[in-house]
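Chains as they are written, first to last, in our numbering: chain A, 37 to 528; chain B, 71 to 417.
Watch out, some of these pointers could steer you wrong.
Listed below are the simulated SDA-like cross-link pairs for lysine to any residue, each with C-alpha atoms no more than 25 Å apart in a straight line [claimed, not checked]:
#, chain 1, residue 1, chain 2, residue 2
1, A, K360, B, V100
2, A, K360, B, L132
3, A, K360, B, N103
4, A, K360, B, I117
5, A, K360, B, L282
6, A, K360, B, L136
7, A, K360, B, V86
8, B, K266, A, Q338
9, B, K123, A, R390
10, B, K266, A, R390
11, A, K360, B, W238
12, B, K266, A, V319
13, B, K123, A, V319
14, B, K266, A, P340
15, A, K360, B, T184
16, A, K360, B, F394
17, A, K360, B, G253
Output of the computed footprint for chain B on chain A, the stretches with three or more beta carbons under 8 Å from beta carbons of chain B [unchecked claim]:
#, segment
18, 298-309
19, 337-350
20, 365-377
Bear in mind the hints are in silico, worked out from the structure with no lab data behind them.
Each residue gets a CB set at the ideal place from its N, CA and C atoms; glycine is no exception.
The residues making up each chain are set out below.
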Amino acid sequence: MRQRKPTGVWRLLGVLVTLLLIAAACGGDEGEDATTQAPATAPEPAPAPDAPEPPAPPATESAPADAEPTGEGASDDAGDDPAASDDVTATDDGAADATGSITIGAISTLDGPFAALGDFSMHGVKLALLEYGGELDGTDTRDGVSGATVAGLDIELVIEGSDATPDVAVEATRRMVEQDGADIIIGPLSGDEGLALKDYIRDFPEVTLVNGTSASQDLTLRDPAPNVFRFGGDGAMWTFGVGTYAYEELGYRTIATVAEDYSYPYDQVGAVLTEFCALGGTVAERIWVPLGTQDYSSFVAQIPNDVDAVFFAMGGTDAINFVKQYDEFTGQAIPLVAGPTAVDQSVLSELGDRAEGLISSGPVVDDSGLAEFDAFAARLDEVFPGQTPNIFNVYYYIATKSALQALEEVGGDLSDASAAFQAALAEQSWQTPIGPVVLDDNRQAVVDMYLRRVDGGIQKTIETLPKVNATLGFDRDEYIAQGSFSRDNPSC
Amino acid sequence: MAPDRRTEAAAGGAQVALRHLAGRAAAAAVGRNQRRAAQLAISGLLIYYVTAKSIQISDRSLLVLLNGLTAAALYFLMASGFTLLFGLVRVTNLAHGGVYLLGGYVALSVQRATGNWLAAAGLGFLFSGGIGILLYVLLRRLRGEGLRETMVTLGAAIVMADQALAHWGGVPSDLDPPAFLQGSLPLPASPLLYPKFRIAVIGLAILAGLALWLLLYRTRLGMVIRAGVDDRDMVSMAGIRVELVFCAVFVLAGGLAGMAGVAGGTYLSLAQGEDNRVLLASLIVVIAGGLGSLRGAGAAAVLVGLVEAFAQTHHAILSVLITFGTLIAVLALRPHGLFGRPVDARL
């Protein structure tokens with residue numbers, strides 16, 4: 037083949053490519069930093085992970101020895117990396133030493149289909165820390181908060197992301213617990229992640245998991261772990277009241293359901309059908325779509341023509357795509373009834389007019405008039421301009437603040453496998469932005485829910501449903517004996 | 071009633087076809103042509119099954135058909151560029167999904183700035199063509215080293231995905247269709263509607279297919295491309311600047327992927343991870359159709375689109391399995407794909 041001659045065109049191309057490559061390299065930096073943080077610290081404590089469990093409580097003497105090499109290694113990126121300084125105290129369990137600090141690890145979905153929701157949840161975590169004297173390190177989601185103190189102890193924040201899959205969530209949490217020495221984990225965001233983290237965290241009784249928005253029932257209802265706390269509702273509680281309202285007020289007798297195919301939507305569909313069928317309603321078809329489906333046309337085609345309404349339970353991108361396509365394919369000839377996250381404030385603006393009038397139940401309404409809610413909304417907008425309250429920032433805020441309040445009550449004492457702290461956490465009872473919260477014996481919240489309607493782009497209250505518990509008011513033993521909700525349970 | 075009549079007509083048609091197939095299968099069996107008999111029997115069973123299932127929801131079978139064709143249209147736009155590139159340059163371009171996503175996102179930005187869908191689509195197309203040139207330059211030095219070329223395209227795919235995340239964020243969004251394609255048309259004998267834009271996407275794919283056919287079979291450039299697919303060295307020895315032709319094909323493939331991105335970004339939505347989903351779908355189509363074959367890409371796109379729509383409607387939980395099963399079945403019967411030929415071993 038002929039050797040190429042460097043003509044003008046080629047030179048121009050060369051310059052263009054170089055410029056673009058440089059632009060790509062510079063643009064990539066921000067993203068890269070965040071993703072390389074974890075691997076950067078990963079090699080140093082490499083010998084440790086083999087024996088992670090034993091060192092934690094009795095490690096106080098060996099801590100300096102362990103910390104020496106870690107500290108040296110981490111100094112490379114000590115500048116902006118909040119994790120770097122944690123490593124020094126990583127194996128110290130944070131008991132009330134004079135120099136002690138407490139590490140809070142926050143996990144949410146910073147990648148994948150729920151990436152946008154991950155940003156919201158971190159806003160909630162940071163707002164709570166700001167109330168304890170912290171300052172934002174930067175505006176990026178992965179920028180931490182420094183300077184927060186509780187009972188004279190510094191609070192370090194470590195942020196990790198998952199992509200909504202359980203194994204990635206466990207891996208990220210393992211890094212925070214076993215390498216960064218996190219004492220408290222706030223999160224995760226999605227249902228199956230929560231179940232996976234419960235199984236993982238059970239082996240670390242000194243570490244406390246305060247759930248973010250994971251709404252699988254069985255995080256707390258069946259086989260609970262003693263160190264897992266949930267200060268919000270689960271998928272079934274969030275859907276409480278919708279089935280009854282649909283039957284009694286809206287007069288629906290036959291419905292179809294369309295929902296994503298995993299544990300959290302099972303709980304929503306299960307809760308709606310439990311109420312709806314108990315009153316005499318029937319379900320004509322249950323359609324399950326894979327998480328992250330783009331094209332819903334073939335699923336819309338399965339909805340029978342003769343149902344009174346369609347209940348749909350989805351989150352994030354999926355809800356936006358489904359509502360848009362349902363509208364295009366049916367003109368909403370059959371009315372929709374929504375699951376709690378499908379019309380959460382985080383997606384309402386993207387849904388636009390198509391969401392107007394949709395009925396749902398859920399923990400957050402915009403017109404509750406609670407002073408705590410209005411204060412939260414104002415503070416959120418002040419710190420993160422343009423943000424409004426939604427399930428994710430509110431729940432992560434409540435989780436973080438509950439943990440900080442309990443820490444304060446015990447003076448930061450995490451000795452004896454966090455026994456005093458976990459006892460104090462279980463006793464937390466306070467007025468959150470979305471109403472009062474107390475925990476039951478399984479460390480599951482009993483909270484108010486709201487039956488609501490989308491009106492003018494915000495969620496307005498139809499009715500407040502006070503003190504909804506994990507068994508939706510049914511007899512506890514009977515309710516648990518029904519078994520976990522699944523594709524075809526309840527049968528009705 | 072219309073639905074009943076249509077159902078009867080469909081059932082009648084299927085019966086005739088089945089009787090015909092059964093007759094031929096029996097004849098083949100008598101003639102000891104077991105392979106033929108088995109093939110006919112299996113196709114007979116498939117026809118019976120599909121017809122029976124479609125009759126169950128007779129008022130919506132047209133919808134399923136259209137859904138399949140819309141998906142096929144998007145797959146064809148993606149797969150045609152991919153397969154051309156492979157056919158001529160022998161590059162397995164794993165960055166094709168990234169080009170789809172960036173083309174869509176650039177169009178999104180343009181639409182937000184100007185409010186004009188056509189301008190957005192045009193610029194998305196041009197931008198993706200530009201990425202094609204970039205890829206061409208990146209891969210120039212590695213020509214003929216298949217594995218390294220593929221690795222470079224994989225790297226480019228990752229860079230593109232990260233750039234998309236950095237510039238457009240994780241919140242999914244979509245383009246608004248142009249005013250004259252907004253809204254939906256009623257489907258005959260069904261309470262459902264069909265969005266105008268999806269029908270336009272089918273039209274767009276047919277137009278793109280026709281234009282490609284004209285380009286390949288009615289122009290000098292097309293002649294060179296086809297000759298290059300057959301024997302690259304011979305073409306360059308004939309004094310043709312084959313490098314320029316390569317570059318043109320990169321631009322064409324990039325532009326087609328960008329066009330797919332604009333279409334997909336309008337009737338579906340743009341989100342992180344879409345690049346991989348679309349790349350996977352177009353890989354299935356390209357392999358089933360035969361690497362390097364444009365006709366194959368068209369036929370396989372329709373096959374995969376229809377199978378997918380049917381499977382999602384009737385066997386939602388198994389739909390992925392059935393889609394891949396189709397690929398396996400095609401490869402079992404025709405190892406080089408529907409219209410493929412063995413790849414030149416020297417390359």
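query = Can you give the numbers of the hints that this structure goes against, from lowest to highest?
reply = Of the numbered hints, 1, 3, 4, 5, 7, 9, 12, 16, 18 do not hold.
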